[in-house]
Amino acid sequence: MKKKKAIVCRCEDITEEDVIDAIKQGYTDIEELRKKLRIGMGPCQGRVCIQIVRKILKNYTKKDISKIPLPKSRPPIIPVTLGTLSSDKDEKKS
Amino acid sequence: MKRKADVVIIGGGINGCCLAYNLSKKGLSVQVIEKRYLTSGATGSCGAGIRQQWSTEENTLLAINSVKIFEKLSKELKEDIEFRQGGYLIAIHDKAEMNQAIKNVKMQKKLGLKVDIIDNDKIQNIVPILDVNGMNAIAASYCPTDGHANPFKTTFAYAKASLKYDTNIATHTKVIDIKTDKREIKEVITDKGSIKTNFVINAAGVWSKEIADMVKINIPNQALRKEILATERLKPIFKSMVISFKDGIYFSQQKEGQIVGGIPLEKEFGLKTLPTIDFLYHMSSTLTRYAPSLSHVKVLRHWTGFYDMTPDARPIIGDTKDLIGFIHCHGFSGHGFMLSPMVSKIITDYISNGKKDKIFEDLSLDRFKGKKITYEKSVVG
Chain Y
1 MKKKKAIVCR
11 CEDITEEDVI
21 DAIKQGYTDI
31 EELRKKLRIG
41 MGPCQGRVCI
51 QIVRKILKNY
61 TKKDISKIPL
71 PKSRPPIIPV
81 TLGTLSSDKD
91 EKKS
Chain U
1001 MKRKADVVII
1011 GGGINGCCLA
1021 YNLSKKGLSV
1031 QVIEKRYLTS
1041 GATGSCGAGI
1051 RQQWSTEENT
1061 LLAINSVKIF
1071 EKLSKELKED
1081 IEFRQGGYLI
1091 AIHDKAEMNQ
1101 AIKNVKMQKK
1111 LGLKVDIIDN
1121 DKIQNIVPIL
1131 DVNGMNAIAA
1141 SYCPTDGHAN
1151 PFKTTFAYAK
1161 ASLKYDTNIA
1171 THTKVIDIKT
1181 DKREIKEVIT
1191 DKGSIKTNFV
1201 INAAGVWSKE
1211 IADMVKINIP
1221 NQALRKEILA
1231 TERLKPIFKS
1241 MVISFKDGIY
1251 FSQQKEGQIV
1261 GGIPLEKEFG
1271 LKTLPTIDFL
1281 YHMSSTLTRY
1291 APSLSHVKVL
1301 RHWTGFYDMT
1311 PDARPIIGDT
1321 KDLIGFIHCH
1331 GFSGHGFMLS
1341 PMVSKIITDY
1351 ISNGKKDKIF
1361 EDLSLDRFKG
1371 KKITYEKSVV
1381 G
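Residue numbers (the working numbering), protein chains in the order written: chain Y, 1 to 94; chain U, 1001 to 1381.
Next up, chain U with everything else stripped away, as it sits in the complex:
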C-alpha cells in the first residue's frame, strides 16, 4: 500500500476500479482500498444489464455516453468484457404505463437514442419465448443498443489496466478513519496503515454511509435488499433483456447461456444476506408466466445483493461544500455498473482538470435539502 497518494478511492467495485484506471491514466497516483475482495458488493451480485431507457434526462445521457465507452472497452483494456448489445425490451401493461413510455421515448429520442414503442407481434419476434398474453402486455418499448457486459470481467479488467499506471489496490483492507484539518482531507487511516492524501472518493456502495459518517457528512442512502437467480446453461435462445416496471421482473440470457433475473419482494432495508424461498416461488411463477417454456429449466442458485438506494433513486455524484476533496460516487440505486464509465470520466475530469460537469449540480448531495425532488421512475427489480 502507498504512504501517499493523489487520490484515495474507497471501494473496489466497478466504480472504484473504473475511477482508478481513469485517474491514474491521467498521471495521478491512486490508492484503492477495498475491505473484502474486488466486486464483493453490488457489482458482484448485479444483473449485468446496461440500459439507456430512463425517465430522467441525466440518467439517459449518462447511460448513452457510458454505452459509447463500453462499445470500445474490450479493445481499450485488452480484455474481453463480454459486452453485447441485444437490446432491452420493457413491457407496457396499461394506459398509464403507455403514457409514461411515450414521454420517456420522446425525451430519449431527443437525446439521440434509437428507441421505439413496438406492438405485441414485434415483441415475440425479438424474444420468441415470451407469451404476450401471459405477460398481460399491450406493447413494449425497445432499444436495440442496450445490452450486457460481464461485471466481474469489466471490474477485473479495469483493475488490471490501472496497475499499468500509478495505482495500488489494497484488498481485505478496512478504512477506519479519515483525518481532516480546516475543511480539508489530510489522511486516510486503515487497519493496514495510513495514507496521506487530499482527495478521497467515496465509492463504497452500501457502505458509503459508514465512510461519510467518518467525516460527519450525513448521506440519505439505505441498503435495499434484492434477490436474483441463475439457471443452468442453455443454448442461445434470446438476446434482449426483458423487464417490466409493473411486475418488477427482469431477466436475460447471459453469454454462457444461463438465464439470470430477479423480482422484488416486499421492501426491506438492511444488510440481511440470506436468500428466501418466497423469492424462488414468486420469481419462478412470474418467469414461467412470461415464458412458459422455461418451466423445464433448472434453477442452480440464487443470492442476495443490495441497492444503494437514495430517496429519489438517482446517484449522488460530486464534490462537497463543507469538505474540500471529499468526492461522492455512490447511491446508484441498482444502476452503478451501467453508468460507471461516464460517471468515472466526469469525476476524473473534475479531479484532474477542475472541470465541473453540469451533472454535479443535478446529482449533488444538496439536492435533498430543497423541497422539489425529481424521481427516477424507471427502476426495476
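Next up, chain Y with everything else stripped away, as it sits in the complex:
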C-alpha cells in the first residue's frame, strides 16, 4: 500500500507518511505524536489509530512494542453530549 495514501487516523485525516515524517523530525514519544498530529484526539479517541501508530513507531525506533506506552486515558470512553451530562446532576453551588 502507498504510504502517502494509507490513512492511519480517520478522525483527523492523518496518513502513514505524516506519522513517519513526524518520527523522522524527532517526535518519538506517542504523546508527542498526539500533540503534533492530533492522532487520537478525534471522536474515536485513538481506538483506530493508536495501535497502528505504535507499530510504525516500533518499526522506526526499533523499540520493543512493550516499551512504547499507550497514551494516558482521557475519559469519557465514548462521546457524550453536554446536554446529557448536565441533565444528570444540578450545577454545583459555588
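Calculated from the structure, these hints are not laboratory results. Possibly wrong hints are sitting among the right ones.
Said to hold, decoys possible - Ranges between beta-carbon positions, derived for each pair:
1) U/L1163 - Y/S66: 24 to 34 Å
2) Y/K24 - U/G1134: 28 to 38 Å
3) Y/I68 - U/T1374: 20 to 30 Å
4) Y/K67 - U/K1078: 49 to 59 Å
5) U/K1110 - Y/K67: 51 to 61 Å
6) Y/L70 - U/K1321: 23 to 33 Å
7) Y/I65 - U/K1372: 25 to 35 Å
Ideal Cβ positions, reconstructed from N, Cα and C, are used throughout, including at glycine.
Add chain U to chain Y, keeping to what the hints say.
The following block gives chain U in isolation, referenced to the frame of chain Y:
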C-alpha cells in the same frame, strides 16, 4: 547531551524551550533537560489562551509585551503557531466585580491596552451563542487583542528553532542532583550523565520545588489540580475566549473547531491525575447555562493539569542571592504559556548582558519574606 554548557535549563515546557531559543540565539550554549517529553507538564494540558487583562501592573505589562512577540512569532520561527486574536470577554456579574473591572481597565488603558467595559447587547454581538440572562451578566470587559495560540506547536517551534543554534534538548532525562561550591553552581547530574555549567534555570513547573530542594532553596509553590474538557469539532461559531471570575469558567473555540474549557472544583493540592465525573457535571451545567445551544455538542475527552501555584498567584522570576547562577522561572499559577515570550526575554537579557529588569525585584522569591503581599486577583479556572 552536552558535557559542558553555558546554561542548563530544567524543564521542556513552553518556558524552557522559549528560553533555549532566546539564549542560544544570543550565542550561548544551552542544554535543556526534560524528564518526560516536551510539553508533558502544564504546557501540554493548558487552555491555550493569551490574556492581557490583569489586576497587577507587572502581569499586564508582561502580557502586553508577550503579545507583541506572539504577533510576529510564526514568521520568526518559520512555523505556524496558530496565533489568533479573537479577544477575551470577561463577564461582570455584580457591583463588586464592576468596581474591580473599572479599576483594572483604568490601569490597563494607562499601560496602552485596548480594552473596554461593554454592555450585554455588545456581549451577544461578540459571542452570539451566549445567553446573558443565563450567565447573570450585567456587563463584561473586552480586549480585542487578547487571543490564543497552539501551546504544542509554539513549544515545538521554539525547540526546533533553538536547535539551529547551540542547543541540545535531552528528553526522558531526569535531573538527580545539582552540585554547588561556595555559593556557585558547578554541575548538573542527570540519570544520563553530568553537565558542567554555571547557570541553571529552574523552569520545571510543578516539579520546580523538587529542583529547588536539591540546592536547599525553599520555594512556596504547590501543585493545584485542574480539569479541562474538549468537545467534538464544530464549524467556527465564536472567536473570543469567555471567562468569569465568579463562576470560574473559561471556554473558547480552538482553531480546529473544538470547544475547550474548564471550571474549578474544590481546591485540591497534589499531583492526582485522574479526571472526575464531578467536573463533567459541573462544567456541562455551567457551560450550557452560559450557551444553551451547546447542549447538543459532544464532549470527547477531559483531562487533568496542574497550576504551579504561588501564595499570591504571581510567578517567581529572577536570580537568587544565596546561590549565584540559579535562576527562577516558575510559579506561573496557570499563566505560563501566555507570559513566556516576555519572561524569557527578560531572563535572557539578564544572563547574556547582566541587565536586571525591575520585574526581578517585584517577582523575586524574597517578596514572600515581607509582610505585604499583592495578590493577582484575575485568576480563572
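Hint by hint, here is what the structure shows:
Between U/L1163 and Y/S66 the beta carbon distance is about 30 Å. The supplied range of 24 to 34 Å therefore holds. As the Cβ distance of Y/K24 to U/G1134 is approximately 49 Å, the hint placing it in 28 to 38 Å is violated. The supplied range of 20 to 30 Å is broken by Y/I68 and U/T1374, whose beta-carbon atoms lie about 47 Å from each other. One distance hint, 49 to 59 Å for the beta-carbon pair Y/K67 and U/K1078, is violated here, with the actual separation near 33 Å.
Distance hint check for U/K1110 and Y/K67: the Cβ-Cβ separation is about 56 Å, which falls inside the suggested range of 51 to 61 Å. For the pair Y/L70 and U/K1321, the supplied restraint of 23 to 33 Å is violated, since their beta-carbon distance comes to about 46 Å. Between Y/I65 and U/K1372 the Cβ separation comes to about 57 Å, which falls outside the hinted range of 25 to 35 Å.
In this structure, the earlier hints numbered 2, 3, 4, 6 and 7 are contradicted, and the remaining ones agree with it.
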